[in-house]
Amino acid sequence: MSAQFLYTITLIFFGAGALGAALLYTQGRYAHYWAHGFVMIASVSALLTGVSVLKQGVPVQFNLLPLKGITIPFLVSIDAFSAVFMMLIAVLTFCASWYGLAYMKHYEGRYSLARFGVWYAIFTASLVGVVSTQSIFTFLWWWEVMSLSSYFLVTYDYRDEKNMHAGTLYLVMTQIGTACIAAAMLLMALSTGALDFASIGSVSANLTGWFPHLVFALFLIGFGIKAGIIPLHVWLPEAHPAAPSHVSALMSGVMIKLAIYMLVRVMFEILPFFHLWWGIIIVIIGAVSALLGVLYALTEHDMKRLLAYHSVENIGIILLGVGSAVMFKSMGFDALALLALVAGVFHTVNHALFKSLLFLGSGAVFFKTHTRDIEKYGGLIKHMPWTAALFLVGAVAISGLPPFNGFASEWLTFQTMFAGVAVGLGMKVQFLWIGATVALALTSGLAAACFVKAFGVTFLGKPRTKEAKSATEVPFTMIGPMLVLAVLCLMFGVFASSSVIPYLSAVLQNFALATSITSWPTLASMPTPWAFELSNLWAFVILLALGVLTVLFVRVWGGKRKVTRNIPWDCGVDLTPRMEISASSFSRSLITMFKGILRPTKQTEIAYHDSEMRYFVSSHTVNLHLHDVYAVYLYRPISRFVLWGSGRVKRIQSGVLNAYILYIVIAVIILLVVALR
Amino acid sequence: MTTRILLTILQILMAPVIAPLCVGIIRKGKAFMQNRKGASIFQPYRDIAKLMHKDEVIAHEASWIFRAAPYIVFVATLSAAAAVPIISGVGTLWPLGDIVMVVYLLALATFFLALAGLDVGTAFGGTGASREMTMAALAEGGMMTVVLSVVTVAHSANITDITSIISQANFFTIAPLFLAFAAFIIVLLCENARYPFDNPATHLELTMIHEAMILEYSGKRLALMEWAASIKLFLFIALAINLFFPWGIATTLTFSALLVGIAVFAIKALVMLFVITFVESWMPKLRFFRLPDLLFTAIVMAAISILITVL
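Protein sequences appear in the order of chains A and B.
Just so we're aligned, residue 18 is where the first sequence starts under my numbering, counting upward by one.
Just so we're aligned, residue 2 is where the second sequence starts under my numbering, counting upward by one.
Do not rely on the hints blindly, as some may be mistaken.
As the list claims (entries may be wrong) - Straight-line distance between alpha carbons at most 27 Å, and here's what the computed DSS-like set of lysine-lysine pairs gives:
id	chain 1	residue 1	chain 2	residue 2
1	B	K55	A	K579
2	A	K486	A	K399
3	B	K51	A	K577
4	B	K51	A	K579
To be verified - Beta-carbon label-pair distances, calculated as ranges:
id	chain 1	residue 1	chain 2	residue 2	range
5	A	F448	B	A176	16 to 26 Å
6	B	R68	A	A562	11 to 21 Å
7	A	F493	B	R68	23 to 33 Å
8	A	A562	B	T253	24 to 34 Å
9	B	D294	A	E161	48 to 58 Å
10	B	R37	A	V580	32 to 42 Å
11	B	V280	A	D177	55 to 65 Å
12	B	T253	A	V646	58 to 68 Å
13	B	T203	A	T618	51 to 61 Å
14	B	M2	A	A562	16 to 26 Å
15	A	V646	B	L254	54 to 64 Å
16	B	T203	A	V189	33 to 43 Å
17	A	V649	B	K55	52 to 62 Å
18	B	R68	A	F658	53 to 63 Å
FYI, nobody ran anything at the bench for these hints, they're computed from the structure.
Ideal Cβ positions, reconstructed from N, Cα and C, are used throughout, including at glycine.
This is chain B alone, in the form it adopts within the complex (with noise of 0.2 Å):
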């Protein structure tokens, strides 16, 4: 029992820790790839921590919902990470087990967020949000969709179990995954702000979705949305492998599995953040319009995958 509460009190305080890293990581990457050196990986870890202790200036137009949805966003993020296993695909005692309800509790982090763009009641703030609320709405009906093809393969919604069960399922029962895979990672990038959905990177009207609505954000409260994003970066991460990948994670509570459970996510999420910064790097900037094609483009893949699952 003392070794589950420890491990449910790690999965929650794994992904706020690791999150910034992976952030870090990636900006990393890019540099290389640009031929810069860049900022260190620990760069994020300075920033959250310098804004924690600056002064804010706040819009005088601005709400509570302004001031309330840093909060909100954070702890819905953060309560849907702790959901999704990361060394260990048993023993956690962490409640909000439910596909469905991490999909949801994400949704509740991008409504607020939207809301507190609109909040300001500035031109930036407003399309941001509108941009934001379009590209999640596609997105919501990718990843269901993807959820749909991974509770087919593994007849369970919980992700504790559907991890158990696609790492013990030989390959042919889980190859139609790849699939819902590639699906998966179209909306790891529409979700998480990254080309060829949005520029992390810049603060141009032209491009911006994500950051248009945080602009009038300082202080602690950017800290929080900062830190929010790189959770769920994290947790989308996090899924990718544990759903589609999920070999060589801890199925059972001893020492030495729980070892080797933090080797093979390590390496696998370096994998995967070298992937998305290799899209990044690689891929363009899409027009606005033509981002629906890509989300309907992940629905339909994932649609295949279940298919090619029933028949």
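So that you can see chain A by itself, here it is in the shape it has in the complex (with noise of 0.2 Å):
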């Protein structure tokens, strides 16, 4: 079958999803089994289209409604990179529709199945639609349906107040973006003449002077909303736990890394212009962000918050890869810049299987708990190992540790900034590749510590609430694509070096490098020869012959020892869980320590039995914060800007009918005298 044909009916069942669902709006949970169930074919269908793709070698395009009287065709053109990226979009959507059939009981009877169906679909669908076009028209309005949909479905839980709140901030934030790149979009139309990203790319070389750095900038701040890059992340942490689970995986995992897919195709075919200066700026963003991002996350204690602040703190990361990337190619070193731009694509496609797997056990855990809280949890293991050894899966793999697929692109990243030290290209960008080094250690220490916190605090342990205590296993609908999910990190991750990288390299040097380099990875082009192996596989392999030879071992010197289960050492009196150390106090060490960056409040207020000797305390709360930087400094001066202009503008709102006839007829003047000028 041809591609086209399989593109024609992803779409199409992605339509018979939606249009279901709103036929058979009294019938919920109807309307959300036919929804979810055809966007699991849809999904299937746009695998099947990802992998025609790649086996033709050559991009797919065509013209999906070849109607007459339509002047701008919907074009839909498929090549090796959008396809790649169709594919991970097609497995994501599918494991998290699967879990969805099951997890949407939370909401049956409190809000319609129906709704959430229809607006699940569309987005779905835009999903696809955005990595399947490059003509600006066509990806501008499935851009646009992308963020509307999504903000349907973060509001989808629409009593709750800080929902809407949520909601509204997304949809402010998403749509300045959307603005940002239209109107970078229909600049480079304009003074190109060419309205698909290839066409303009080719032409786009002779624009000079400010317009190409302008149009740069409206896309980095256009995209890095999307993308979520600090500062432009503040809607993230509020957006993504609003939505259902699965949404937020879908979010997390893939919305937001199609705006990193943008941003690769904007610098290395819309803007293929490679200034250094563009390059060092995506790496710093990118370093601020992951360190940045992994700070916050460890000062939270809303899972899906703490989830959302790492999805930052991994597109500072996958960032260091592009931008280096941008960089290694403004120099001419183009053999590091694939080795930069495979690090930061590998990224992108390891943290949305990761992060996905981590987003849909958190909503496992909520399925159950019916909480957010993560001080709420505690000693889940044993009432959902499967949940918790999933997700331990997921903590191990974005933790960047071997022999997940964290570990594999985290790997990379570290090597591009090694070649990039020690090859010597000029004070100025080793001064940054040393910085960016030290910012992705970092990073990847804080990322363990928080999930070592995120996972000890709520599997491990005695149960702190009621809830936690009597939470059982989930039904397997929501098991089978985590599951799924681990098993791709792990392999992933094992097969990356002999299959992963490979392919992804061959990919992107077609793509965005346009030359072939044959003596990948050793690199022998460079200036001084630079080699290095991956040995995942091994790892892995040698991780388990080790552990089973380690097991025998120790069970033929010691013999057979008797294992007696007792209280643990408790000083005397009953342990409680209130002894346990909570998520707060955990990262409470690293949070003093980075309080000049975090700047920390904390508020102590105490009630006394006797008010006026003050001996007896009858309570003591605590309450820590944050000072949050962004509001204060960025976006209250913003906001309070537009609001004094709106102000000024509104003079001229009197509300006599007079008054606006005379606007009317200066306004015709004015366009008559332009138009007969």
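Join these two chains into a complex; the hints should help.
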């Protein structure tokens, strides 16, 4: 079957899902199964589309709506780079929909499942749509559909005031982003006369002066908002927790990755200038986002906000790779540029896998305990063994530990920086890469600390609340998709060097660099040879083999010994869950160490039984918060300025009819003057 | 080929076999400094053997994480240790030679060590895990900066390559590495729970980090944890020696070269152990919130060493 046919039926399946759910509006449960079922079928067909494009080896291009009278054609264009992303989207959408079948029971009876189904099908269709076009109008259409449909998914639980607030913030931010992107694309179209990415790129080299820099800035802000770079990340920790968990998985796993996908297209296709400074800016943004993202994650004890801040962190790590690629390219090191770009894109794929897994895992816990506050969990590993084990896989992967996929791409990013420093490309960039290496190392260490906290406080120790004590394992419908993602996390780690990295480098070198680099990964083309090899597969094999040997060895040496269960050392009093370390106190020392950046605040309230003498305390409350620097120094001044400006403009709204007629007359005169001139 | 296979097996076995001796020597040295007689330097072996034959008591709350962690910690540390060249800079067949891999295998061990501390649900374990992860996160920054400085000099990220390149480089090429070495010593002390970061000989709640996490272990699992800790110490000593002062390491696979390698390594290891003993006996333990200063100093020193190299 041709890719064109497969793609068309993919969209038809998505459409059938949305339309059917809308028609079944009164039958909530059937609409829900209908929508999720069709999205699953559509994602299988999207996966096949990706496979068939990659098999053909040439980009697929056609007009989706070949009707007469439509002047702007609805162009579909899928090349190898978009096919890779389409397959990723397909796998994640499939897992999320499978999970959603059971998860949405949580909302049954309180909210309309049909409404959710409609927006869910539209949202997932738009994800596929965004990566399958290169015409700016079709792209902007899908991009805006994606933004709007995700707004309705974020505000699905609309009775919660906080969710509506999160939705509004998200909508405002994402519209600013779309405005920047649209402006940038239209400016490019205007100045080059072309309407698709490749033709814009082929003539954009003629542009000179400040114009390309302006377009770059607009693109960076626009896609930066969607990706969640600091300081444009404010919507992320609000919007991700508000949506149902499998939607958070898709938003964090796929939607923000599409901004990275587009940024790569912008840097290597639409604006192939490769200014050194553009790369430097991206790397700086990446390092700052990575480090600050993980520091903010440490302060969180709302599970989904914590995961959302880790998305900011990982976007930072990805940008280190992408920015370094631009820098290498600008200096003419194609092989190194490829290495850096593969590092960035590989981390994008990996983060999509383990972050979706973690969001689904946190959703499973939420499903049973009805709270997102990790201080209220504890000891869940005994009641939810599968969820715990799969969440652990995600936690190890995101902490960048071998042999999982997170390590593979962080390793590649490290090698990129090492190469950049070692081959000697000039003081300025070497300084930058040294700083970025330190930032990346600290980031991955802090991420490990944060996930020891997240996993340990949630699943280990004693249950802290009644809900945690009585939780049970979630049904297989929710375990299955997590299992698929966990296996993929392991596979992408173990087979990173033998299959994934060579494959990605083949795709990216045709797409982004248009040069064939045969000597990768030894990189003999460099000023000084640079040798390295990733041995993740070996790490996996050796850890397993040595593990078995150690167990046997210990058993043989010590013989069979009795293992008894008893209470741990309790200093003579009964141990209660209140004596366990809490999530806040776990990260308190790190927060104190980084207090210059995080600016924690502490409010203590003490109530006394005897208010005059103040000897007997009746209650003691401590509130730990962070000083919200972004709101105080960035967003509030902007919003104050906008309000001030609109207040000024409001003055012409007098409410007197005569005045409005005068405005119309003035406008007509101006138009006439302009037109007749 | 036979020589290379034998060398690889030797490489795997050397760390677990020699490591407890290092701990014994440090303890003996400290006893000497304190005017005590101290236990025999072979006491750590006897401890491990004794614990291997003991029954175990496990907390009610402990899950499979607690039971599996000692094995994971031991295996991860061991597979990292086998990657560090000890007596020969050539010829080993161990496939985990990448230095970033070694650092992250140790991080994997730390991760599970901290989880085991949290698993029993006591205040001790949790506090220990929190402190350990705090220190480990900052130490990882220091460690990777040190790694970058040696990689910058050697133009390779493979430990065996680094060792052979540095052992043949002239003095002025590797001179900046002395700063990185100082940074590495700080990281070594931190990662191995030594003074001024942690007191390996105490069970006081105010001071301990590492011991707090393994407080609930007994029997075989305690033996594995203690053993893994000593292997980690050995690994860091071997790294300190062969990344920064690899002179004398065997560069050909002849019997005499290997013998010289063993002798040279033994002498250098004794010097390193003496340095650690001296630091432990002479420095006070720092307050917990002073420790980041030390680790940031390590990062800065390593960064300066890189800058001197690339300028």
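Each hint tested on the structure:
Restraint check: the Cα-Cα separation between B/K55 and A/K579 comes to about 8 Å, which is no more than 27 Å; the hinted pair holds. Distance hint between A/K486 and A/K399 is fulfilled; the C-alpha atoms sit about 10 Å from each other, no more than 27 Å. With a C-alpha separation of about 14 Å, the suggested pair B/K51 and A/K577 falls inside the 27 Å cut-off, and the hint holds. With a CA separation close to 15 Å, the supplied pair B/K51 and A/K579 stays within the 27 Å bound.
Distance hint check for A/F448 and B/A176: the Cβ-Cβ separation is about 21 Å, which falls inside the suggested range of 16 to 26 Å. The beta-carbon spacing between B/R68 and A/A562, approximately 20 Å, falls within the hinted interval of 11 to 21 Å. Restraint check, A/F493 to B/R68: a C-beta distance of roughly 26 Å satisfies the suggested window 23 to 33 Å. Distance hint for A/A562 and B/T253: a CB-CB separation of about 30 Å, consistent with the stated range 24 to 34 Å.
The hinted range of 48 to 58 Å is satisfied by B/D294 and A/E161, whose Cβ atoms lie roughly 50 Å apart. Against the hinted window of 32 to 42 Å, the Cβ-Cβ separation of B/R37 and A/V580 comes to about 36 Å, which satisfies the hint. For B/V280 paired with A/D177, a C-beta distance near 56 Å keeps the hint of 55 to 65 Å intact. For B/T253 and A/V646, the hinted distance range of 58 to 68 Å is satisfied, since their beta carbons lie about 60 Å from each other.
Hint check: B/T203 to A/T618, Cβ distance near 35 Å, so the stated range 51 to 61 Å is violated. For the hinted restraint 16 to 26 Å between B/M2 and A/A562, the CB-CB distance of approximately 21 Å keeps it satisfied. For the pair A/V646 and B/L254, the supplied restraint of 54 to 64 Å holds, since their beta-carbon distance comes to about 60 Å. Taking 33 to 43 Å as the suggested C-beta distance range, the pair B/T203 and A/V189 does not conform, at roughly 55 Å.
The hinted window of 52 to 62 Å between A/V649 and B/K55 holds, with their beta carbons roughly 59 Å apart. Take B/R68 and A/F658: their Cβ atoms lie about 60 Å apart, and the range 53 to 63 Å holds.
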